[in-house]
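**Student:** Keeping their order, the protein sequence lines are chains A and B. Numbering follows our numbering, with no gaps: position 91 of the first sequence is 91. Numbering follows our numbering, with no gaps: position 338 of the second sequence is 338.
To be clear, the hints were calculated from the coordinates, so they are not data collected in a lab. Note that beta-carbon positions come from the ideal geometry of N, C-alpha and C, so glycine has one too. Incorrect hints may appear among the rest.
Here are the in silico distance ranges between beta carbons for each label pair [claimed, not checked]:
| no. | chain 1 | residue 1 | chain 2 | residue 2 | range |
| --- | --- | --- | --- | --- | --- |
| 1 | A | D258 | B | N324 | 48 to 54 Å |
| 2 | A | R153 | B | V209 | 56 to 62 Å |
| 3 | B | G271 | A | K39 | 36 to 42 Å |
| 4 | B | N324 | A | G270 | 51 to 57 Å |
Non-contacting residues of chain A with respect to chain B, defined by C-beta distances greater than 12 Å in every case (computed) [as the list claims (entries may be wrong)]:
| no. | residue |
| --- | --- |
| 5 | K4 |
| 6 | R35 |
| 7 | A133 |
| 8 | A171 |
| 9 | C176 |
| 10 | N248 |
| 11 | L252 |
| 12 | G253 |
| 13 | G270 |
Here are the simulated lysine to any residue pairs, SDA-like style, with alpha carbons at most 25 Å apart [stated by the list, open to error]:
| no. | chain 1 | residue 1 | chain 2 | residue 2 |
| --- | --- | --- | --- | --- |
| 14 | B | K398 | A | D92 |
| 15 | B | K348 | A | K120 |
| 16 | A | K158 | B | F196 |
| 17 | A | K120 | B | K247 |
| 18 | B | K247 | B | E189 |
| 19 | B | K143 | B | F196 |
| 20 | A | K6 | B | E138 |
| 21 | B | K114 | A | I32 |
| 22 | A | K232 | B | E200 |
| 23 | A | K120 | B | E391 |
| 24 | A | K232 | B | A158 |
| 25 | A | K184 | B | D273 |
| 26 | B | K41 | B | G418 |
| 27 | A | K120 | B | K406 |
| 28 | A | K208 | B | E200 |
| 29 | B | K398 | A | R121 |
| 30 | A | K6 | B | D316 |
| 31 | B | K204 | A | K158 |
| 32 | A | K120 | B | K143 |
| 33 | B | K204 | A | D218 |
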Amino acid sequence: MGFKHKDILGLQDLSGEEIYLLLNTAENMKEINSREIKKVPTLRGKTIVNLFFEPSTRTRTSFELAAKRLSADTINISASTSAVQKGETLSDTARNILAMKPDIIVMRHSISGAHHYLAKRVSCSIVNAGDGAHEHPSQALLDMLTMRERFGRLAGLKVAIVGDITHSRVARSNICGLTKVGAKIYLAGPPTMIPQGVERLGAVTVCKTIQEALDGADVVMMLRIQLERQGKTLMPTLREYSRYFGLNRDLLGLASPDVMVMHPGPMNRGVEISSDVADGPNSYILQQVENGVAVRMSMLYHVSGGELPTE
Amino acid sequence: MNILIKGGRVIDPSQQIDAILDILIVDGKIREHGTGLQAGKDCEVIDAGGMLVTPGLVDMHVHLRDPGQEYKEDIVTGARAAVAGGFTSIACMPNTSPVNDNKAVTTYIINKAKMQGLVNVFPVGSITEGGKGENLAEMGELKESGCVAVSDDGRPVANSELMRRALEYAKGMEIMLISHSEDLALVGEGVMNEGFTSTELGLKGISRVAEDAAVARDVYLAEFTDSPIHIAHVSSRGSVRIIRDAKTRGVKVTCETAPHYFSITDDAVRGYDTNARMNPPLREAADVEAVKAGLKDGTIDAIATDHAPHHLDEKDLEFNLALNGIIGLETSLALSLSLLRDGVLNAKQLVEKMSFNPSNILSLDRGTLQIGAVADVTIIDPIADWVVREEELCSKSKNSPFIGAKMKGRALYTIVSGKVVYRRQAV
Chain A
1 MGFKHKDILG
11 LQDLSGEEIY
21 LLLNTAENMK
31 EINSREIKKV
41 PTLRGKTIVN
51 LFFEPSTRTR
61 TSFELAAKRL
71 SADTINISAS
81 TSAVQKGETL
91 SDTARNILAM
101 KPDIIVMRHS
111 ISGAHHYLAK
121 RVSCSIVNAG
131 DGAHEHPSQA
141 LLDMLTMRER
151 FGRLAGLKVA
161 IVGDITHSRV
171 ARSNICGLTK
181 VGAKIYLAGP
191 PTMIPQGVER
201 LGAVTVCKTI
211 QEALDGADVV
221 MMLRIQLERQ
231 GKTLMPTLRE
241 YSRYFGLNRD
251 LLGLASPDVM
261 VMHPGPMNRG
271 VEISSDVADG
281 PNSYILQQVE
291 NGVAVRMSML
301 YHVSGGELPT
311 E
Chain B
1 MNILIKGGRV
11 IDPSQQIDAI
21 LDILIVDGKI
31 REHGTGLQAG
41 KDCEVIDAGG
51 MLVTPGLVDM
61 HVHLRDPGQE
71 YKEDIVTGAR
81 AAVAGGFTSI
91 ACMPNTSPVN
101 DNKAVTTYII
111 NKAKMQGLVN
121 VFPVGSITEG
131 GKGENLAEMG
141 ELKESGCVAV
151 SDDGRPVANS
161 ELMRRALEYA
171 KGMEIMLISH
181 SEDLALVGEG
191 VMNEGFTSTE
201 LGLKGISRVA
211 EDAAVARDVY
221 LAEFTDSPIH
231 IAHVSSRGSV
241 RIIRDAKTRG
251 VKVTCETAPH
261 YFSITDDAVR
271 GYDTNARMNP
281 PLREAADVEA
291 VKAGLKDGTI
301 DAIATDHAPH
311 HLDEKDLEFN
321 LALNGIIGLE
331 TSLALSLSLL
341 RDGVLNAKQL
351 VEKMSFNPSN
361 ILSLDRGTLQ
371 IGAVADVTII
381 DPIADWVVRE
391 EELCSKSKNS
401 PFIGAKMKGR
411 ALYTIVSGKV
421 VYRRQAV
């Protein structure tokens, strides 16, 4: 089965089969990353633009590394250095970049749907590195890759996602992706952070407490809480949030003994996750980062429609 | 030039008429109705067989963007769009630049509208100075200058005490107050209706309660001050219920909805279509049903377009950055005629909501075909099939979610003061 999409805008648009295809390729890519010379010529001659309208270290670096390991030429454009601050529209910025003939634009943007807007207007591939509170497909794919490595399967897994679901693109992409591969999702957070109708997004159960969500969970995914982003009306204090929705070692005892603890980063230690859990034996947070490069190599490879690396 | 309209189905709620009749227009006035009327000298005869003949349609809520934002629309292009849509009278909102909070702006609008001579333009003045919601505008002078209502449309009067005083003062000046009822704190940074679709699209939602809570406040203030109030662009099930209950209690409240609120839901936002972005936002199926029920049982008095032209550069953007609003003058009639076909309204009710009621709410001497009345008449082909094409729209702006949509029914002739100001060319 081939990959037929020009763009990867979100997991909403992909089938379960396509998600598995991306994950399988990512596993092959991991092998490349374990070699002494971590580079294959697959995307030689291709130009990839990393267009980041929001600050990002992890995702941008990971995409850049992924492109370089596939031998593509990459340039990074960030909003602080771009023409956007001079009032240029996204459409004009993109057209200017397009005139330089890139093959793929990897974009992060603070507005949901910015990628859909761009994809309708440019001929090159668009890969979504995060749009507003909408989707973050590479994050969800790397999460799923990490889960599958650990359990050998995704179907039937019980995945708890805890935090501000309303403003989380990581949660949305995971809900979409995990539902398509047969996992069950349990959400927890203060009601101010649970969006309307979220149970219709997929195989979702909304829980009242973190305890309820953790009960027998195979995976616990903690979301980053930022007072500045969530606004003052969604919770009283970080202290109280941590008390009712922070993950610590005691709470982890409610989950399956094999539970994986995940976090998309960057973490607020002592807020949504305690250090003993973040650094403990159940933590897969650094494996997530490692798998991120492989998943992004797979995404870039598939939107380019290239051949599988053979050596 | 006189006009004889022959053999149309004349619907005039002001006289309880729904019959096949001829109508004779002489010297800009309705002279006679009956059967077998004869055309005299210098008289155009319009064969209206199979057509609806109604009092000229009245759109009590449009934005003409003139003065100040003529790149979006101006009084002339807005008037062309109006008459092409079958409207003989439009009321234009005051959120122009400068705001219509004084005689000079009102007079400018009236004079420019007279010069174009197509459609009756009735200006709406602002409730507060500059529409800023701080001090009352000079409503007395606004009324004397020709304003038919006051409104801060586009923004609510957030300060409840000021709103109370505005209602009392407007009542004293005998000018209708039109409320844009919205709780801005509840709206926050929302860009579409809050619900499943906003959750799926990851867009910040505007909850229905942002409208409901504000409508409730305004209805209670009107009740307390015993003042008339007209609620603009009702879109939510909650506000329909609040207004229905208030009417039952005898509160002097009237309201309008816009065609998009009974035609489409927030599903139209999927794909991040900025032409589906407006305020209040497109709601859910249950709200569409509630709006239809409100139209049917008389809770909702009028259909008004909230015609809100914006330039392509203000719409061809990421969803959060696009401006609110869509044009409506040229699609309103066809969308409203679907209410007739779907049995939501009968013909008399439809004409009430598109002509008679808005005319009464604004105390205009229009919305009737009584003998001696000003001859504003719309002749409608109720079954004509057509497609909304951007290049055929008269409005300067093309921001409509209905571009490319199939429509049924449209105006064939628009007659203002006995003069044919629009006639649809045969295709």
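**Student:** All hints are to be evaluated individually against the structure, with a verdict given for each.
**Tutor:** Comparing the hints with the structure gives:
no. : hint                         : verdict
1   : A:D258 to B:N324: 48 to 54 Å : holds (51 Å)
2   : A:R153 to B:V209: 56 to 62 Å : violated (43 Å)
3   : B:G271 to A:K39: 36 to 42 Å  : holds (39 Å)
4   : B:N324 to A:G270: 51 to 57 Å : violated (42 Å)
5   : K4                           : holds (19 Å)
6   : R35                          : holds (38 Å)
7   : A133                         : violated (4 Å)
8   : A171                         : violated (10 Å)
9   : C176                         : violated (9 Å)
10  : N248                         : holds (29 Å)
11  : L252                         : holds (29 Å)
12  : G253                         : holds (32 Å)
13  : G270                         : holds (28 Å)
14  : B:K398 to A:D92              : holds (21 Å)
15  : B:K348 to A:K120             : violated (45 Å)
16  : A:K158 to B:F196             : holds (23 Å)
17  : A:K120 to B:K247             : violated (48 Å)
18  : B:K247 to B:E189             : violated (33 Å)
19  : B:K143 to B:F196             : violated (45 Å)
20  : A:K6 to B:E138               : violated (59 Å)
21  : B:K114 to A:I32              : violated (76 Å)
22  : A:K232 to B:E200             : holds (24 Å)
23  : A:K120 to B:E391             : holds (21 Å)
24  : A:K232 to B:A158             : holds (22 Å)
25  : A:K184 to B:D273             : violated (32 Å)
26  : B:K41 to B:G418              : holds (15 Å)
27  : A:K120 to B:K406             : holds (24 Å)
28  : A:K208 to B:E200             : holds (21 Å)
29  : B:K398 to A:R121             : holds (19 Å)
30  : A:K6 to B:D316               : holds (22 Å)
31  : B:K204 to A:K158             : violated (29 Å)
32  : A:K120 to B:K143             : violated (49 Å)
33  : B:K204 to A:D218             : violated (31 Å)
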